[in-house]
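Colleague: Dock chain B against chain A, hints included.
Quick mapping for you: the protein sequence lines, in order, are chains A and B. As numbered in this note's numbering, residues 1 to 248 make up the first sequence, in order. As numbered in this note's numbering, residues 1 to 433 make up the second sequence, in order.
Treat the hints loosely; a few may be bogus.
Straight-line distance between alpha carbons at most 25 angstroms, and here's what the computed DSS-like set of lysine-lysine pairs gives [what the hints assert, rightly or not]:
| id | chain 1 | residue 1 | chain 2 | residue 2 |
| --- | --- | --- | --- | --- |
| 1 | B | K372 | B | K165 |
| 2 | A | K75 | B | K192 |
| 3 | A | K142 | B | K296 |
For the record, the hints were derived by calculation from the structure and aren't laboratory data.
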Amino acid sequence: MSDRAPIIEIKNIHKRFGSVYALRGVSAEIYTGEVVVVIGPSGSGKSTLLRCINRLEAIDSGSIVVDGIPISDSKSDINRIRREIGMVFQSFNLFPHLTAMENISLAQRVVRKRPEKEARGIALDLLDKVGIPEKANVYPDKLSGGQQQRVAIARALAMQPKIMLFDEPTSALDPEMIKEVLDVMVGLAQEGMTMMVVTHEMGFARAAAHRIVFMDEGLVVEENTPEGLYENPKHERTKLFLSRILRH
Amino acid sequence: MTTIGLKRPRSISDAVYGWLNDVPWWVTVLVALAVILFLYIISPANVSATRDVPDKQVRANGRFSYEIRVSNSGPAEAVRVRLGEKLPEGIEFVRSEPEPVAGEPGSLNWEVPDLSRGETAIIEVTLLSKVAVQAREVFSPTSRPAIEWRTVSLDILQFLSLGVKVTILVTLYSFALAVTMGLIAGLGRVAKPPPGLPVIVKPRFIAVGAVRVAIGLLVYFLLASLLRTLPRFTPGLAITFGVILYLAPVVLHPYTLSTVYVEVFRGVPMLVQVLYLGFVVRPFIKVFLSNLFGTKVEFSEFTAAVIGLGLGYGAYLAEVFRAGIQSIHRGQMEAARSLGMSYAQAMRYVILPQAIRRVLPPLANDSVALLKDSSFVSVLSVADLTRQGRLYMSRTYRAFESWNMVAVSYLILTFLFSGVARLIERKLSEDER
Chain A
1 MSDRAPIIEI KNIHKRFGSV YALRGVSAEI YTGEVVVVIG PSGSGKSTLL RCINRLEAID
61 SGSIVVDGIP ISDSKSDINR IRREIGMVFQ SFNLFPHLTA MENISLAQRV VRKRPEKEAR
121 GIALDLLDKV GIPEKANVYP DKLSGGQQQR VAIARALAMQ PKIMLFDEPT SALDPEMIKE
181 VLDVMVGLAQ EGMTMMVVTH EMGFARAAAH RIVFMDEGLV VEENTPEGLY ENPKHERTKL
241 FLSRILRH
Chain B
1 MTTIGLKRPR SISDAVYGWL NDVPWWVTVL VALAVILFLY IISPANVSAT RDVPDKQVRA
61 NGRFSYEIRV SNSGPAEAVR VRLGEKLPEG IEFVRSEPEP VAGEPGSLNW EVPDLSRGET
121 AIIEVTLLSK VAVQAREVFS PTSRPAIEWR TVSLDILQFL SLGVKVTILV TLYSFALAVT
181 MGLIAGLGRV AKPPPGLPVI VKPRFIAVGA VRVAIGLLVY FLLASLLRTL PRFTPGLAIT
241 FGVILYLAPV VLHPYTLSTV YVEVFRGVPM LVQVLYLGFV VRPFIKVFLS NLFGTKVEFS
301 EFTAAVIGLG LGYGAYLAEV FRAGIQSIHR GQMEAARSLG MSYAQAMRYV ILPQAIRRVL
361 PPLANDSVAL LKDSSFVSVL SVADLTRQGR LYMSRTYRAF ESWNMVAVSY LILTFLFSGV
421 ARLIERKLSE DER
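Here chain A stands alone, though its shape is the one from the complex:
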């Protein structure tokens, strides 16, 4: 963890969906190389927070600065910023008309303007890294959920982002596939990738996270190291939540 300026700086952001108040003044800082896990009950605004960071949702007020560039400013080139922020979705969102290899190489060619050959080379390396090199020419509907999510991670990594955002990457997976995805994520964390992960996988949080942020009703209630939060939660709400998810 460096003590330089944070790579993501979130200041007092608000977001409303009609009558639903999703974020009511969230502030957070994430430093280069840090792995931050966001937990909280459903509807607490953790996914919205993540989606605001690459402007999949526009914020109503406040500011988000990523790598020195203000996200909420309409003058900044959002496509340029998004290249630096990889995102992994709960429902994978692989492109079903493309093979695993093409899924990974498409954005490289179109956005990074890499030649076809180079893009395919990088795609193969990444498929190797996530452990499914033999699935390069397979279409997503022939892959298991865990394999699809690993291709999705490879797809995001292919852009060589500075930050990776994971929006509940294992929530849609069968239990036995969760491990293969988490292994890839832990490996990524060990390489020093800056990561922000919305998840309920406490094992992953314990193994890889530097910090855990607990959110409820659109606010950051508490943040601490995994050990600090698990063993010594300060707020009643945190205690209640942890007691529910850690009971089993």
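Modeller: Just chain B, lined up with the frame of chain A:
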């Protein structure tokens, strides 16, 4: 994949076309060709000519009369029946009823009136023989008068073949235009809508709008003074242009433009659109462009008809494309955008390839509907099937034959188009397995 037992048809068309799923495509084509061939074969009339020579002795330089009977044994009607008779040595022509027409020298030629089935025409010929002869022996018993004819149905096939060609051309051209317009308007329809009209009184809008109007009018003023052929810069024109320029962000927005296009063209009957293009837009553009360029500009009825049909169907296809694009899960767009692709790149590489696959079956269906609606272009005197059929009817007064053949021709064409549509659907469902 093998299916055991009978598949239950999902609809009547499925029952009718179901067999198409089980036969190769070329069988479909062969069957269609066989139908055409069958119609061709059963159609001709059968005309024959016989002589009826009296049994009598003719003196030298004596005259004798005989009859040529031309009869049609059907089934179709014979038209343009021409009869030829070659006279043997020593025999001369005297007169005949009806009179012969000019033809090859040394032979007699007659034009026989049209013969419907079972009808017989009789030509009475009087000849002169230089030598004494038995009348029956003048012509050899095996010879027959030469006869040629056209059958009505064969004739109508030739007549309609132009119509078929034009109908197919009109359909293909206007379908290409419709798909282009539909895709463009469909993309416009899924674009983020412009701000509502109240925005036009906001200070920022007024400031930017005023500058836009000033620059726009100045440019037009300069252009109009340089290019004499442009309409003069009048107050009315200035106000129109000014209003459009001021409202440009709202009115010239892709969403507004495509919505207006779709609503207008879906709300006006296809026939009226074709008439409008042919009789309002075509003359206007001809005059306008001719004045602008100083030379005569060609703008055929065919072009007007294709544009009318194409724009009309484009409005329907726009909604097909819109539905197709919107049916793609929004996660696809989010994933593409999160990789740094622009909206246009995400559309082109991620959304459209999926959406177009999804809309191909309804598109193929609409091509069949367009083929049928192409009959509207006949009102612009474009020589399509309907027009040719009508023309044939007004020449021959044979409504039954004319419209029968027109209807059957359309049926064959739509049958072929539906076959293609089925093939596309089958191919897609095979891919998705």
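Colleague: Which of the stated hints cannot be reconciled with the structure, identified by number in ascending sequence?
Modeller: Violated hint: only 3; rest satisfied.
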